[in-house]
Structures are given as structure tokens and as C-alpha cells.
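We have chain F already, so just place chain E on it with the hints.
Sequence lines, in order, name chains F and E. Quick note on numbering: the first sequence equals residues 1 to 336 in the working numbering. Quick note on numbering: the second sequence equals residues 1 to 361 in the working numbering.
Since the hints were derived computationally from the structure, they do not count as laboratory data. Possibly wrong hints are sitting among the right ones.
[Stated by the list, open to error] BS3-like, lysine-lysine: derived pairs with alpha carbons at most 25 Å apart: (1) K336(E) <-> K356(E); (2) K103(E) <-> K272(F); (3) K229(F) <-> K310(E); (4) K282(F) <-> K103(E); (5) K310(F) <-> K282(F); (6) K68(F) <-> K350(E).
[Unchecked claim] Restraint-style ranges between C-beta atoms, simulated for each label pair: (7) I42(E) <-> D320(F): 29 to 37 Å; (8) G183(F) <-> D47(E): 53 to 61 Å; (9) L88(F) <-> L147(E): 45 to 53 Å; (10) I144(E) <-> M138(F): 33 to 41 Å; (11) G183(F) <-> A321(E): 15 to 23 Å.
[Unchecked claim] Far from chain F by the CB rule (all over 12 Å, computed), these chain E residues: (12) T169; (13) F179; (14) L190; (15) I194; (16) V197; (17) L201; (18) R204; (19) L224; (20) N225; (21) I227; (22) N228; (23) M269; (24) G283; (25) T314; (26) G331; (27) R347.
All C-beta atoms in this analysis are idealised placements derived from N, C-alpha and C, irrespective of residue type, glycine included.
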Amino acid sequence: MKRAKTLVLAVVLVLSLVLCACAKDSGDKKGSSGNDNAGTTNTSSGPIKVGVVNNPPSESGYREANVKDMEAVFSKANGYDLKTAYSLKNDDQLQAAQGFITEGVDYLLISAAETTGWDDVLKKAKEAGIKVFLFDRMIDVDESLYEAAVVSDMAKEGETAVKWLLDQNLSEYNVIHIQGAMGSDAQIGRTGALDEQFASKKMNKVVQQTATWDEAEAKKIVESVINSKASFNVIYAENDGMAKGAVAALDDAGITHGVDGQVIVMGFDCNKWALRELLAGKWNYDGQCSPFQAQIISDIIQGKKTVTSKKIINEEKGFDAKSLTQADIDNYGLGE
Amino acid sequence: MINKLKNPFRNGLGQLTIPLIAIIILVVFNLIRDPSFFGIEIIQNNDGNNVLSGNLISIINGASELAILAMGMTLVTAACGGQDISVGAAAAIAGSAFVKILKSGDSISGGKVLLAFLFACVVAMLFGAFNGTLVAVFKIQPMIATLILYTCGRSIAYWINGGATPTVTSPIINAIGSFIPGIPVPTPVLIVVIVGVIFKLVFRLTSLEIFTQSVGINGSAARLNGINSTFIKLLSFIILGVCVAISGSIGVSRLGLINHETLLLDVEMDTILAVAIGGNNLGGGKFKVGGSIIGAYVIQMLTITLYAMKVSSTDVKAYKAIVIVLLVVIGSPVVKAKFEKYMSQLRAKKAAVNTKGADQS
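Chain F with its partners taken away, still in its complex shape (with noise of 0.2 Å):
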């Protein structure tokens, strides 16, 4: 019985320093933000909260980089008050979202997992004043519950890369085309054009397969195609990891690749090693997918952007192996 009543009375003493220990975080929040007020003298309702929900930055070189642009440009010199929150899990992203909307932040940004089931808690965010930007993809809810969507079109990314193969006047075009997860939005846009082009046989396709980004199964792809001794001059690899793979088995097989090769390769994503791998002409095209919307979302907020369509295509390049420089290296290139 005695040792009942300690038990309790230690489960409430730890409860209630837990308490303490969480009163005192808020309180000292609190006490930090009215510094940072008297700090920026000029914005009288203190630093602008900004709630980020996204995809956690090891999923890939381009979610890496876009984790660092927004915490880049939503930074506190900017008058900005960030919080995050990064998962895979579509359900783990709406709680955050709700989390966020229950603090009280001024906007909500989301690039969200699923395209689906996002309805309530955006109408919930609405109700509260909450104003919502989408950015890198688009959720399936009614254009009114959202300020803007700030994406990449893929279609876009294919089209340009397709122009500029085409551009390039081959006598015939023979192309092992190297597909990402089937399904992808990456893989979708970026298969459109060519197919357009394989369909009014402009081009014609060796062969069409997915490695699904796996560098290694991409190798074995244009290996069985050297096999197979069909003649090809063209690799259209949807990511550079892809192209990578494709390279190393034609490096394997003594065909030459890029500028005055035998091979033409294209890359997309614009990763800086694959952007070096055009630099030394060995590759020829490389079609960039901009992680950089915090730039654009943050010049909507303060005004200096007005919204005219709800949704903002951000501008992409392609390189050519020609006519790329270092410093298109160091503005555009993903990682190190």
C-alpha cells in the first residue's frame, strides 16, 4: 500500500515537473519572439510564421537542395519565423499540418505526399486565417482553399529536352530510352514528348525501359541493348543517376559518348556531378527540375509578386554541353 502511494506520488511529481519544464519552453519562446520584435524595429507585428510541411530531404538530391532553399529564404535576417516538418507518410504530413494550424502560424506551405486527402485540413486552415501555398506538387482540392501552387511542369522539362535533341539535326535518331518509377510524376512528364515523337516515328525507339532511378539496373538496360548488337546514337535517361549507369556500360563497351561522340546522352535534374560530367563533354544535355520555389512563395507573401494564375510554373533551363560554363555549375547544380 505505502509503496502504491510513493509510486503515485513520484508519477505526479514527474508529471507535474514535466509540465513545468514545458510552461517554462513556451514561456521562453514567447520571451525570445518579443527580442526578436524589439530587434526588427520596423515590422511592428514581429517575425512572419511560416509552417513547411514537406518530404524529408534524404529522399533525394532534389528534396536536399529544396530543404536548404527554404531554409535559406524563410530565414530569421528575412523576418521569417520557420518551423518544418518532413515525412513520407502522407498521414504523418496532414497531423503536422494540423499542428501547425493549431499553433497559429500566418502561412501554411505543403508539398505534399499524396495528392489526396488533404480537403479538410486545408478548409480547417481557412477557417483560421491561415493562408496556404503549394509548392513542388499539386494537391487535388478546390483551387480556393490555396494562395498559389508554385510546381515544376515535368511535360515541360520533356519537351524542352526534346526540342533540343531535335535541334541537333541527326540523320536518324536511334534512342534507348531509360524511364524513372513508372507512374512518377517525374517519369510521366518526361516521357510525354518523346513518345510523341516515337509515335510520329521520328524517332525511332531501340528500346523503352524502366530502371526505376536505380543507376545499376539502367547499366544492365543498355548492356542487353550492346548485346543485342542494335545500333543506337542517342541515351534519354530521365534522371542523371540513370544516364550515369547507361555511360559506364558504353565506357565498358568502347563506345564514345557526348560532343563528338557516337552517342549522344541526356540527364535531368541537374545534379553539379553530372553538370561537371557535361563541362569535360561527355555528356550533352542535362534538363534541370528547380527545387527553388521558396524565392517565389516568399515574394508573394511580402508583395512584391502578385498571383495572377494560382498556378506558377517555375522556370526551368536545359543545358547544352556547349554552351555551359562554370557558373551555371554553381547557380543551378544540386549537391556538391
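Showing chain E alone in chain F's frame:
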């Protein structure tokens, strides 16, 4: 004497019958489909070396990581009666550790590559020991124990290097992943041979093979006979760790790049399959490492055959599954027993006919 002749399946190749038949069927099938399928030629690669090229080389080369993993997995299977499903994730960790050392400092020297490889080995052995401790000491089922690393391994691999796809470029790494100048055989193939010889030597010179078998057949009986079964199980996981480090390092060297999400993706399933196709009992006990190696080449030959037939890579897995179901069912004890019964019936009939014939004459 007569018995021996009449029952080749019991007294001949035994365990290796199924994988060898599978290879023969695949070879014959490919030869009918395309007589030049196994043609090998010598070409000059972009580094200016004369190297072997062709489907056969692609198969033997491409199966290297799988074959090495299958050797280690056979030991774990035999000792613990279960499989390690974390080898792919662990290989991503080992590969990341390999890259971590390579990327420290500026230039990549031979000594540094060796150091990086040894570091990868230590890391992989530690994770192997972690799995092994859960299995051997805490008696957790291998699949559950290794599920932990399977789930979190690729995240750990990410933490080691940060960036999603760090690259390493060096002639030495290129030599490990593709060809050593002057040697026309792909280096990964040579590494498989070396690892295989080491396994053979260890079995020859130590009692590891017999100890592993006895632990797998009956752990407590082995213990009563003075074998430390906990240690043997732990050891099997640590040896698998070394195999994982070798495979991971080869995988990285092939492309000079590590993608922690896709390096040796789904290899654990292929590895377990290789062990199963090799005729090893997945419940532990007697084993043949050679069978698992052949199993690995069967799987790779199947994949390359399907690619050569231009089967869409999304469908490849389904076709592979069909063939593997057939192989596993044919190799199952039930079918084997039925087959043997049928054979003995046939023999009895023949004997009856023979005696009848003898009576008539």
C-alpha cells in the same frame, strides 16, 4: 551397383541437380532463341583496354554481388535456420562508409581505397554482429531481427554522407568496378573467385563447415558436444557482414557513385532465392555454398535473358517469379518424393516384365 545406375538423382549430383538443370535449360533455351546469344568477343573499351564482352560476360559479371552475398547468406541460413533480410540496406551502409573514407581528403590512392574497404568491412561486421546478437543471444527469429536494419538501414546510409548521390572518380575505383588494365576479365568476377577460394580454404582448414551444420541441425545437441552454438551463429552473421561490405564496395565502384536508396535494392530477396535454388534447406542444417553460387547465376541469367527478349522491365519480376515458382516446386521434398516413388514403380514394373520375359524364354 544397379541401384546406383538407376537412381542418378539420389546418388549423383544430389543437391545441385535442380540448379544445374535450371542452368542447362536456360542455356539451351537461349541457344535455340538466338544461337549467337553466348558469343563472346574482345573489344577495346574507352580506357583503351582490350576486354571481353557479350551476354555471358554480362551475366557472370552482373551476378557478382549476388554470388558473394549468397555465399554469406548460406552460412547464416545453415546456422540459424533463417535469413538476413537486411543485406541490401547493410550494403548501402557499407557502401556509404566506403565512400565516406574515399571522399575525405583530396586524392584517392591505393592505400586509401584499402583503408576505405577495411572501414566498410568493420562497419558491416558491426551491423552483422548486431543482427547476430539479436538472433543468437536473444533468440529472436532472424527475419524479425533483421527487419530492424532492413527498415532503418538506408536512412543510416544517408546520414553517413548527407548528400543523396555522392560521386567518386578515380582510376583505381574504376579498375575495381570494371576492368584492371591488361586483364580482359571484369574485376568483380575475379573478386567472386577470390571470395569463393577463401570460403573453400576456410572450410578445408577449419571445422567451421561441420560446426555450422551441426548447430543448424540441432543446436542443443551441438552444444552438448561442446560446440558454442551462440558463437557459431554470431560468427555466421559477421562473415555475412564481410560479404556485404565486399558487395557494397563493388556496387559503388561500378558506377563511382552511391545512391543509398537504390544500391543493391531488393537484393535480399534474390540472395535468399539463390540459396533456395541452390538446394539448401532454408530451415538450416546441411548446406552447399557452391549451390548458392550457381543459384545466383541462374537468377542473373534469367534476368539477362528476359532483357534480351525485350521484356519490359516492369514485367521482368513477374516472369522471374513464374520460373522461380517452378524451380522451387520441382525442388520441394514432396515433388522429389513423388518422383522417386514413380521411378521405383517404373523399376518394379520393368523388373516384373523382365522376370516375365525370363519365364517365357
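Evaluation of the provided hints:
1. K336(E) <-> K356(E): violated (30 Å)
2. K103(E) <-> K272(F): Since the Cα atoms of K103(E) and K272(F) sit roughly 16 Å apart, the hinted pair holds (cutoff 25 Å).
3. K229(F) <-> K310(E): holds (13 Å)
4. K282(F) <-> K103(E): Measuring from Cα to Cα gives roughly 22 Å; hence the hint holds.
5. K310(F) <-> K282(F): Since the Cα atoms of K310(F) and K282(F) sit roughly 40 Å apart, the hinted pair is violated (cutoff 25 Å).
6. K68(F) <-> K350(E): violated (80 Å)
7. I42(E) <-> D320(F): 29 to 37 Å: holds (36 Å)
8. G183(F) <-> D47(E): 53 to 61 Å: Violated: the Cβ-Cβ distance is about 38 Å, outside 53 to 61 Å.
9. L88(F) <-> L147(E): 45 to 53 Å: violated (18 Å)
10. I144(E) <-> M138(F): 33 to 41 Å: Since the Cβ atoms of I144(E) and M138(F) sit about 39 Å apart, the hinted range of 33 to 41 Å holds.
11. G183(F) <-> A321(E): 15 to 23 Å: holds (20 Å)
12. T169: violated (8 Å)
13. F179: violated (7 Å)
14. L190: Fine: 15 Å to the nearest Cβ keeps L190(E) off the interface.
15. I194: Since the minimum Cβ distance to chain F is about 21 Å, I194(E) lies beyond 12 Å and the statement holds.
16. V197: holds (25 Å)
17. L201: holds (30 Å)
18. R204: holds (34 Å)
19. L224: Holds: least Cβ distance 44 Å, greater than 12 Å.
20. N225: holds (45 Å)
21. I227: Consistent with the label, I227(E) stays out of reach of chain F, its closest Cβ about 40 Å off (over 12 Å).
22. N228: holds (39 Å)
23. M269: For M269(E), whose nearest Cβ neighbour in chain F is about 15 Å away, the distance exceeds 12 Å, so it holds.
24. G283: Given a closest Cβ separation of 32 Å, the condition holds.
25. T314: Given that some Cβ of chain F is not farther than 12 Å from that of T314(E), nearest at about 6 Å, it is violated.
26. G331: holds (27 Å)
27. R347: holds (46 Å)
The structure fails to meet hints 1, 5, 6, 8, 9, 12, 13 and 25 from the earlier list, while all remaining hints are met.
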